[in-house]
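Engineer: In the order they appear, the protein sequences are chains V and G. 275 is the number that numbering that gives the first Met the number 0 gives the last residue of the first sequence; the numbers go up by one with no jumps. 574 is the number that numbering that gives the first Met the number 0 gives the last residue of the second sequence; the numbers go up by one with no jumps.
I should point out that these hints are in silico values taken from the structure, not numbers from a laboratory. The model shown is predicted, which means the values in this text are computed figures rather than measured ones. Accuracy of the hints is not assured; some may be wrong.
[Claimed, not checked] Derived DSS-like pairs: lysine-lysine, alpha-carbon spacing no greater than 30 angstroms straight-line: (1) V:K125 x G:K143; (2) G:K246 x V:K87; (3) G:K558 x V:K87; (4) V:K87 x G:K4; (5) G:K279 x V:K269; (6) V:K41 x G:K256; (7) G:K558 x V:K131; (8) G:K143 x V:K269; (9) V:K41 x G:K78; (10) V:K87 x G:K469; (11) V:K3 x G:K558; (12) G:K143 x V:K26; (13) G:K451 x V:K41; (14) V:K269 x G:K4; (15) V:K186 x G:K4; (16) V:K41 x G:K421; (17) V:K271 x G:K143; (18) G:K81 x V:K125; (19) G:K451 x V:K80; (20) G:K78 x V:K125; (21) V:K41 x G:K246; (22) G:K259 x G:K4; (23) G:K81 x V:K131; (24) V:K3 x G:K259; (25) V:K131 x G:K4; (26) G:K256 x V:K125; (27) G:K256 x V:K3; (28) G:K246 x V:K271; (29) G:K246 x V:K131.
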Amino acid sequence: MDYKLLHIFRNTPFGRETFLQSLYFCKRIKATPVVYIPENDKFLFYFSSDVIQVDLDHSYLTDPDTAEEHARDLLADEGLKSIFYRPKNFTASTLPDISPNFDFFCCPRSISDLSSKIGLGYLGPKVRRIIKHATFPVFITSPVFKPWESIAVFFGGSENAVNALKLGVKISLASGVPLEIYTYMEKGDQEYYKKIAENEAFWELADQQIRDWHFYEQGSFDSMLYSVPHNGLIVLGAYGHGVVKEVLFGSKLEHIQSTLANNLLVSGPKNKISLR
Amino acid sequence: MAFVKTSYIFLYNRLFRHDDRLLMIAAGVVTGICSGLAAVALRLSLEWIIECLHPVRHYTWAIVLPGIGAVLSSLYLNKIVKEAPGHGVPEVIYAVSRYGGLLRFRSSFSRLISSFLTIGSGGSAGPEAPVVMSGSAIGSNIAKVLGLNDRQRVTLVGCGTSGAIAAIFNAPIAGLIFAAEVILGEWKFVNIIPIAIAAVAGAEVSQAIIPEQVLFNHEPFRLGIIDSSACLGLALGTALVSVLFTKIMRQSGRFAKGTKVPVWCRAAIGGSVVGLISMKFPVVLGEGYSYIQSMISGTFSMGLILTGIAVIAKVVATSATLGWGGSGGIFAPCLLIGSLTGTMFHQLIVSLFPETGFAGSGAYALLGMTGLISGVMQAPLTGIFLIVEITGGYETILPLILVSSLSSTITHYIEPASFYFKELIDRGQFLRPGTDARILADLNLGELLETKVHTAPENMLFRDFIELIKISEQNYFPILEEDTNRFRGIIKISAIRRYVLDPGMYDMVFINQIMDTRILAASMTDDLQEVLNLMDADAMDTIPVVEEDRFIGMISKTKILDLYRRELMMQTSPH
Numbered sequence: 000m001d002y003k004l005l006h007i008f009r010n011t012p013f014g015r016e017t018f019l020q021s022l023y024f025c026k027r028i029k030a031t032p033v034v035y036i037p038e039n040d041k042f043l044f045y046f047s048s049d050v051i052q053v054d055l056d057h058s059y060l061t062d063p064d065t066a067e068e069h070a071r072d073l074l075a076d077e078g079l080k081s082i083f084y085r086p087k088n089f090t091a092s093t094l095p096d097i098s099p100n101f102d103f104f105c106c107p108r109s110i111s112d113l114s115s116k117i118g119l120g121y122l123g124p125k126v127r128r129i130i131k132h133a134t135f136p137v138f139i140t141s142p143v144f145k146p147w148e149s150i151a152v153f154f155g156g157s158e159n160a161v162n163a164l165k166l167g168v169k170i171s172l173a174s175g176v177p178l179e180i181y182t183y184m185e186k187g188d189q190e191y192y193k194k195i196a197e198n199e200a201f202w203e204l205a206d207q208q209i210r211d212w213h214f215y216e217q218g219s220f221d222s223m224l225y226s227v228p229h230n231g232l233i234v235l236g237a238y239g240h241g242v243v244k245e246v247l248f249g250s251k252l253e254h255i256q257s258t259l260a261n262n263l264l265v266s267g268p269k270n271k272i273s274l275r
Numbered sequence: 000m001a002f003v004k005t006s007y008i009f010l011y012n013r014l015f016r017h018d019d020r021l022l023m024i025a026a027g028v029v030t031g032i033c034s035g036l037a038a039v040a041l042r043l044s045l046e047w048i049i050e051c052l053h054p055v056r057h058y059t060w061a062i063v064l065p066g067i068g069a070v071l072s073s074l075y076l077n078k079i080v081k082e083a084p085g086h087g088v089p090e091v092i093y094a095v096s097r098y099g100g101l102l103r104f105r106s107s108f109s110r111l112i113s114s115f116l117t118i119g120s121g122g123s124a125g126p127e128a129p130v131v132m133s134g135s136a137i138g139s140n141i142a143k144v145l146g147l148n149d150r151q152r153v154t155l156v157g158c159g160t161s162g163a164i165a166a167i168f169n170a171p172i173a174g175l176i177f178a179a180e181v182i183l184g185e186w187k188f189v190n191i192i193p194i195a196i197a198a199v200a201g202a203e204v205s206q207a208i209i210p211e212q213v214l215f216n217h218e219p220f221r222l223g224i225i226d227s228s229a230c231l232g233l234a235l236g237t238a239l240v241s242v243l244f245t246k247i248m249r250q251s252g253r254f255a256k257g258t259k260v261p262v263w264c265r266a267a268i269g270g271s272v273v274g275l276i277s278m279k280f281p282v283v284l285g286e287g288y289s290y291i292q293s294m295i296s297g298t299f300s301m302g303l304i305l306t307g308i309a310v311i312a313k314v315v316a317t318s319a320t321l322g323w324g325g326s327g328g329i330f331a332p333c334l335l336i337g338s339l340t341g342t343m344f345h346q347l348i349v350s351l352f353p354e355t356g357f358a359g360s361g362a363y364a365l366l367g368m369t370g371l372i373s374g375v376m377q378a379p380l381t382g383i384f385l386i387v388e389i390t391g392g393y394e395t396i397l398p399l400i401l402v403s404s405l406s407s408t409i410t411h412y413i414e415p416a417s418f419y420f421k422e423l424i425d426r427g428q429f430l431r432p433g434t435d436a437r438i439l440a441d442l443n444l445g446e447l448l449e450t451k452v453h454t455a456p457e458n459m460l461f462r463d464f465i466e467l468i469k470i471s472e473q474n475y476f477p478i479l480e481e482d483t484n485r486f487r488g489i490i491k492i493s494a495i496r497r498y499v500l501d502p503g504m505y506d507m508v509f510i511n512q513i514m515d516t517r518i519l520a521a522s523m524t525d526d527l528q529e530v531l532n533l534m535d536a537d538a539m540d541t542i543p544v545v546e547e548d549r550f551i552g553m554i555s556k557t558k559i560l561d562l563y564r565r566e567l568m569m570q571t572s573p574h
């Protein structure tokens with residue numbers, strides 16, 4: 000596998016926790032971390048139909064002289080080789096373009112607000128927008144380094160959920176960690192959900208990776224969340240609904256991330272997973 | 000919401016999938032109206048603030064106003080909307096040539112507010128570049144909402160530009176020409192119609208809200224053969240001033256960037272310089288349209304030397320405003336500097352040849368404006384039609400063409416890159432449709448990569464390698480480390496011919512003994528131009544792509560040529 004994960008390095012203790020998560024993720028799925036040490040407090044992601052300006056908070060520019068050294072030390076500790084990303088194109092002299100041609104992108108729950116705000120219950124607007132437009136899954140880390148030992152896919156039967164299942168299979172294949180699927184039965188019985196998954200071309204491969212499929216029909220959605228292992232990597236789809244539905248009923252991702260401290264791997268509506 | 004989306008997709012597929020001209024015209028109208036409204040809003044708000052500040056302008060303390068405005072503008076851009084400083088036109092050209100016209104939504108209003116603060120307080124800049132940025136961003140975001148493709152989005156960016164220029168100057172033809180000549184860099188049938196319609200929409204909005212028809216009024220000019228001859232000298236003069244203006248602007252910006260003071264502090268310095276200059280030369284404040292009007296009317300009172308100093312003062316003030324962090328465009332300063340240059344030239348020739356019957360100084364102010372616009376932007380058509388439209392001076396069209404063409408040609412001779420393009424050319428990102436650089440930039444390395452390649456382990460016996468050659472059509476064989484699959488080198492068939500022709504060597508040689516390990520390899524992050532440079536440096540027509548010592552694939556010149564031709568045909572097709 001030659002997966003690449005883009006990490007925006009923050010030279011602070013909090014940034015170190017996030018970076019350790021990225022390194023652990025790369026190690027598990029045998030990916031190469033691509034480290035970008037920002038020199039400006041903003042950059043642009045040009046996707047196929049949108050451009051997103053990511054405004055970093057000032058902690059990303061802390062002590063730039065030691066940033067690369069710190070990153071290299073952490074990489075050496077984990078025995079990983081890295082590529083340091085140097086932007087080649089600039090929309091304006093202080094506005095670099097960052098290529099979106101990566102397999103994964105790591106970011107904390109918020110990247111444009113002060114660290115004091117970062118924690119459960121707050122997903123930054125830029126992170127949301129990146130998820131909505133990204134052509135890669137976004138790895139949203141827990142606030143402190145938390146190795147994951149299992150993979151939990153949240154499967155609700157939607158097109159986005161199928162994509163998330165495929166992503167879970169991809170991570171499971173790359174890491175060798177079996178899959179656990181969690182379904183809160185809102186739309187039908189077990190057969191309904193199984194049939195959706197079985198109709199997918201990758202089902203045969205998925206079936207080999209799935210260790211358990213947990214169905215919940217009683218109790219609240221939160222009670223299902225409680226049964227997810229605390230050291231599991233949660234894989235889920237997000238923002239598959241329209242704006243109106245999202246405003247009226249809220250987003251599942253927002254609810255999950257505000258309830259669970261686990262690492263999340265989120266597949267947005269523009270992200271099409273391939274099992275290469 | 001889902002119903003609206005589904006209906007739109009249904010209608011799009013039924014009506015516009017094969018011929019999108021009606022859709023583009025409709026979208027062009029909407030874009031033209033929106034960008035026209037943005038331009039009119041800026042124009043009216045500037046008129047209001049200038050009127051509000053007029054009673055205090057005569058106080059000495061008023062010299063701090065441009066500094067305060069520049070600081071507020073800079074803080075707004077940097078801290079609130081987090082936009083890069085500058086006038087923004089290179090950003091639009093860059094987005095058009097590199098990313099199919101993708102522009103951020105915030106750009107549709109950010110520069111309007113920042114330039115309002117800069118120009119309203121007296122900073123030496125114009126509102127045209129901000130409205131171009133705003134209109135372009137509006138067009139880009141309308142395209143995003145409608146789910147249009149890159150080509151259609153670029154057209155709407157052009158529509159936004161033309162609508163904005165048409166509205167701010169009440170000059171639809173200039174808007175159309177500026178969009179095609181400067182922003183898009185191409186004249187295509189499919190682009191021109193929606194852009195023209197958008198220009199009309201923008202101008203109509205402007206006329207509906209601001210009733211006066213012509214920006215600068217004047218009596219008809221009568222220019223004779225003598226004046227046409229004098230145009231040669233004026234063209235040379237405006238070309239020299241254009242080069243001076245461009246160079247001072249760029250040097251000023253570079254110097255400001257090199258200083259170690261915060262951005263807002265830089266803006267304060269720039270604004271203060273303008274304030275200080277304005278004590279002696281109030282002509283440098285703001286857009287300076289009232290001074291242009293007085294020059295065109297022939298009522299400008301400065302003498303030859305003072306007018307010359309005013310030209311320098313305006314150049315310095317504009318450089319201090321825009322180079323040091325203020326926000327605004329160079330159209331209006333070009334118009335003022337041009338009219339000052341034209342007036343100065345008229346004063347000079349009249350004093351040298353007092354008996355000769357030259358036309359009035361207003362005509363020369365007009366010609367000076369077109370000379371400077373054409374010289375600084377190296378966009379002769381924009382220069383001609385803008386001046387014709389904003390002055391209603393069709394009787395001067397022949398001398399205008401003469402000055403405009405000569406000025407842009409002379410300027411190009413001295414300084415090949417225009418003010419708008421220079422920054423992009425320096426960064427190697429000036430990519431016009433149909434040019435070599437643009438085609439190479441548009442080709443994706445992934446598309447060119449040949450991954451189904453026969454590789455060989457480094458300790459393979461040469462006899463086994465001969466068998467591999469027999470079943471392969473490759474001329475280059477990547478050699479990998481056996482256990483780790485790390486890239487070790489290349490075997491080029493032409494380089495091992497003597498071993499192939501000597502069967503005695505078959506069992507004596509391992510391929511790691513004859514492979515070439517000094518080969519240059521490309522990386523997936525390289526641009527195609529860099530890959531071609533590597534090929535040229537190594538005289539190879541096929542090159543390996545390696546990442547972190549891992550062999551990814553091969554790229555050949557043959558494949559590049561195939562895709563190059565395809566891309567060239569696509570970019571230069573009339574539709």
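Engineer: Decide, hint by hint, whether the structure agrees.
Structural biologist: Hints versus structure:
1. V:K125 x G:K143: Measuring from Cα to Cα gives roughly 18 angstroms; hence the hint holds.
2. G:K246 x V:K87: holds (26 angstroms)
3. G:K558 x V:K87: It holds: about 24 angstroms lies between the C-alpha atoms, which stays within 30 angstroms.
4. V:K87 x G:K4: violated (37 angstroms)
5. G:K279 x V:K269: violated (59 angstroms)
6. V:K41 x G:K256: Measuring from Cα to Cα gives roughly 17 angstroms; hence the hint holds.
7. G:K558 x V:K131: Violated: K558 of chain G and K131 of chain V sit about 35 angstroms apart, past 30 angstroms.
8. G:K143 x V:K269: Given pair K143 of chain G, K269 of chain V holds - Cα atoms ~14 angstroms apart, limit 30 angstroms.
9. V:K41 x G:K78: holds (11 angstroms)
10. V:K87 x G:K469: It is violated: about 42 angstroms lies between the C-alpha atoms, which goes past 30 angstroms.
11. V:K3 x G:K558: Status holds; Cα separation ~26 angstroms.
12. G:K143 x V:K26: violated (38 angstroms)
13. G:K451 x V:K41: violated (39 angstroms)
14. V:K269 x G:K4: holds (16 angstroms)
15. V:K186 x G:K4: Holds, at about 24 angstroms.
16. V:K41 x G:K421: With a Cα-Cα distance of about 24 angstroms, the restraint between K41 of chain V and K421 of chain G holds, given a limit of 30 angstroms.
17. V:K271 x G:K143: holds (20 angstroms)
18. G:K81 x V:K125: holds (13 angstroms)
19. G:K451 x V:K80: Measuring from Cα to Cα gives roughly 26 angstroms; hence the hint holds.
20. G:K78 x V:K125: holds (16 angstroms)
21. V:K41 x G:K246: holds (29 angstroms)
22. G:K259 x G:K4: This hinted pair is violated, its Cα atoms lying about 51 angstroms apart.
23. G:K81 x V:K131: Between K81 of chain G and K131 of chain V the Cα gap is close to 21 angstroms, so the pair holds against 30 angstroms.
24. V:K3 x G:K259: violated (37 angstroms)
25. V:K131 x G:K4: holds (17 angstroms)
26. G:K256 x V:K125: holds (29 angstroms)
27. G:K256 x V:K3: Status violated; Cα separation ~35 angstroms.
28. G:K246 x V:K271: violated (49 angstroms)
29. G:K246 x V:K131: violated (44 angstroms)
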